[in-house]
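Visitor: So the chains spell out like this:
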Amino acid sequence: MQVNKQCLVVDRASGAISIADAIAFVSTQEFGAIDVFVGKVRSVNDGRQVTGISYDMFDPLALVTFEQAADKAAVQIGVPCRVHVAHAKGRLAIGDIAVVVAVGTGHRAAAFDACRCVIERVKHEAPIWKQEHYIDGDSLWVEGTSIRADSPDASDASQ
Amino acid sequence: MQIEIRFFGPLREKAPDGRLSLTVPDDCRVRDVRTALAAHVTPLWPESFIGLLTVSAFADEHTILRDDESITDGARLAVLPPVNGG
Numbered sequence: 059m060q061v062n063k064q065c066l067v068v069d070r071a072s073g074a075i076s077i078a079d080a081i082a083f084v085s086t087q088e089f090g091a092i093d094v095f096v097g098k099v100r101s102v103n104d105g106r107q108v109t110g111i112s113y114d115m116f117d118p119l120a121l122v123t124f125e126q127a128a129d130k131a132a133v134q135i136g137v138p139c140r141v142h143v144a145h146a147k148g149r150l151a152i153g154d155i156a157v158v159v160a161v162g163t164g165h166r167a168a169a170f171d172a173c174r175c176v177i178e179r180v181k182h183e184a185p186i187w188k189q190e191h192y193i194d195g196d197s198l199w200v201e202g203t204s205i206r207a208d209s210p211d212a213s214d215a216s217q
Numbered sequence: 006m007q008i009e010i011r012f013f014g015p016l017r018e019k020a021p022d023g024r025l026s027l028t029v030p031d032d033c034r035v036r037d038v039r040t041a042l043a044a045h046v047t048p049l050w051p052e053s054f055i056g057l058l059t060v061s062a063f064a065d066e067h068t069i070l071r072d073d074e075s076i077t078d079g080a081r082l083a084v085l086p087p088v089n090g091g
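Residue numbers (my numbering), protein chains in the order written: chain A, 59 to 217; chain B, 6 to 91.
Same shape as in the complex, but just chain A (with noise of 0.2 Å):
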């Protein structure tokens, strides 16, 4: 299925996530959809006080996962597409930008479809690790999802 995307990492160091561009990716005169997610950076978790997240990634990988996430959404949804993913690295502040996903299309439902399955992707497939910081100096690598190729039951039954 055709899909025209556009995949970024964005280092915080030197910029910012743009919402516009975004949306100026995914905008054609045929495409009468256009769906965004955006990601923030908010000030509770799990009840503490949350003062920002440091981004850590493994970028050429992740870029690959953002393409294939978009590639299986357009497939997903079998029709035309433009997709846009960017993703933060770095130290983010409270409310600063983390992830930007958009996506355009003929209509709405593919639209949302699609947006929905390139989220899901990039965070649960994609190489980033997130540290929270907190108001009384405290910092935590939050928990994740595991991407190993093998279950580690399965690699020690073939030892």
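Keep in mind that a hint or two might mislead.
[Claimed, not checked] If we take Cβ atoms under 8 Å as the criterion, some of the chain B residues that face chain A in the derived model are:
hint: 1; residue: I55
hint: 2; residue: T59
hint: 3; residue: L70
hint: 4; residue: G79
[To be verified] Pair by pair, the computed Cβ-Cβ distance ranges are:
hint: 5; chain 1: B; residue 1: S75; chain 2: A; residue 2: Q107; range: 45 to 53 Å
hint: 6; chain 1: A; residue 1: D154; chain 2: B; residue 2: H67; range: 26 to 34 Å
hint: 7; chain 1: A; residue 1: T86; chain 2: B; residue 2: T47; range: 50 to 58 Å
hint: 8; chain 1: B; residue 1: L49; chain 2: A; residue 2: A74; range: 33 to 41 Å
hint: 9; chain 1: A; residue 1: G73; chain 2: B; residue 2: A44; range: 36 to 44 Å
hint: 10; chain 1: A; residue 1: L198; chain 2: B; residue 2: T47; range: 17 to 25 Å
hint: 11; chain 1: A; residue 1: A74; chain 2: B; residue 2: D37; range: 20 to 28 Å
hint: 12; chain 1: A; residue 1: R106; chain 2: B; residue 2: S53; range: 33 to 41 Å
hint: 13; chain 1: A; residue 1: S85; chain 2: B; residue 2: G56; range: 40 to 48 Å
hint: 14; chain 1: B; residue 1: P48; chain 2: A; residue 2: R100; range: 37 to 45 Å
[Stated by the list, open to error] Distance condition first, Cα-Cα at most 30 Å in a straight line; then the derived DSBU-like pairs of lysine-lysine:
hint: 15; chain 1: B; residue 1: K19; chain 2: A; residue 2: K130
hint: 16; chain 1: A; residue 1: K181; chain 2: A; residue 2: K98
hint: 17; chain 1: A; residue 1: K98; chain 2: A; residue 2: K63
hint: 18; chain 1: A; residue 1: K63; chain 2: A; residue 2: K181
hint: 19; chain 1: A; residue 1: K130; chain 2: A; residue 2: K181
hint: 20; chain 1: B; residue 1: K19; chain 2: A; residue 2: K181
Simulated from the structure, these hints should not be mistaken for laboratory data.
Here the structure is a predicted model, which is why all the values come from computation and not from measurement.
Backbone N, C-alpha and C fix where the C-beta goes; we use that ideal spot for every residue, glycine too.
With chain A fixed as given, assemble chain B onto it according to the hints.
Guide: Structure of chain B alone, referenced to chain A:
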């Protein structure tokens, strides 16, 4: 042969600059690298980080590697603990 390991996320701080050079057997596979790395870090890391290594993926810049994939001399592998972007 020598390979380079790069650590990310919570594992990055466990090695200087998030990297270490590791000696592994010739003709080895990812599972052999896992074994060699675990043996190398077990005396050095707290147990919780050893557990994190068990659920980490090994990857190059293009893909996640399966345990039976071959590794060549000079390979640069990334160790990726559980992820949580967004």
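Visitor: Compare the structure with each hint and give your call.
Guide: Evaluation of the provided hints:
Checking B:I55 against chain A: minimum C-beta separation of about 12 Å lies over 8 Å; hint violated. This hint holds: B:T59 has a C-beta 5 Å from the nearest C-beta of chain A, less than the 8 Å allowed. Below 8 Å, beta-carbon pairs count as interface contacts, and B:L70 has one with chain A at about 7 Å; its hint therefore holds. Proximity of B:G79 to chain A is violated relative to the hint, the smallest CB-CB distance being about 17 Å (cut-off 8 Å).
Our hint of 45 to 53 Å for B:S75 and A:Q107 holds, since their Cβ atoms are close to 48 Å apart. Between A:D154 and B:H67 the Cβ separation comes to about 30 Å, which falls inside the hinted range of 26 to 34 Å. Judged by the Cβ atoms, the range 50 to 58 Å given for A:T86 and B:T47 holds: they are separated by roughly 55 Å. Between B:L49 and A:A74, the C-beta spacing of about 38 Å keeps the proposed range 33 to 41 Å intact.
Taking the beta carbon of each, A:G73 and B:A44 are about 42 Å apart, inside 36 to 44 Å as hinted. Distance hint for A:L198 and B:T47: a CB-CB separation of about 24 Å, consistent with the stated range 17 to 25 Å. Remark: the range hint 20 to 28 Å for A:A74 to B:D37 is contradicted by a beta-carbon distance near 43 Å. A hinted range of 33 to 41 Å for the beta carbons of A:R106 and B:S53 is inconsistent with their spacing of about 20 Å.
Between A:S85 and B:G56, the C-beta spacing of about 47 Å keeps the proposed range 40 to 48 Å intact. About 40 Å separates the C-beta atoms of B:P48 and A:R100, a value consistent with the hinted range of 37 to 45 Å. Proposed proximity of B:K19 and A:K130 is contradicted: the alpha carbons are some 35 Å apart, above 30 Å. Using a Cα cut-off of 30 Å, the hinted pair A:K181 and A:K98 holds, with the two alpha carbons roughly 13 Å apart.
With a C-alpha separation of about 22 Å, the suggested pairing of A:K98 with A:K63 holds against the 30 Å cut-off. Between A:K63 and A:K181, the direct Cα distance comes to roughly 18 Å. Compliance with the 30 Å bound is thereby established for this hinted pair. Of the supplied pair hints, the one linking A:K130 and A:K181 holds, its CA atoms being roughly 15 Å apart against a limit of 30 Å. Distance restraint check for B:K19 and A:K181: the Cα-Cα separation of roughly 24 Å lies within the 30 Å cut-off, and the hinted pair is therefore satisfied.
Consistency note: the structure conflicts with the earlier hints numbered 1, 4, 11, 12 and 15.
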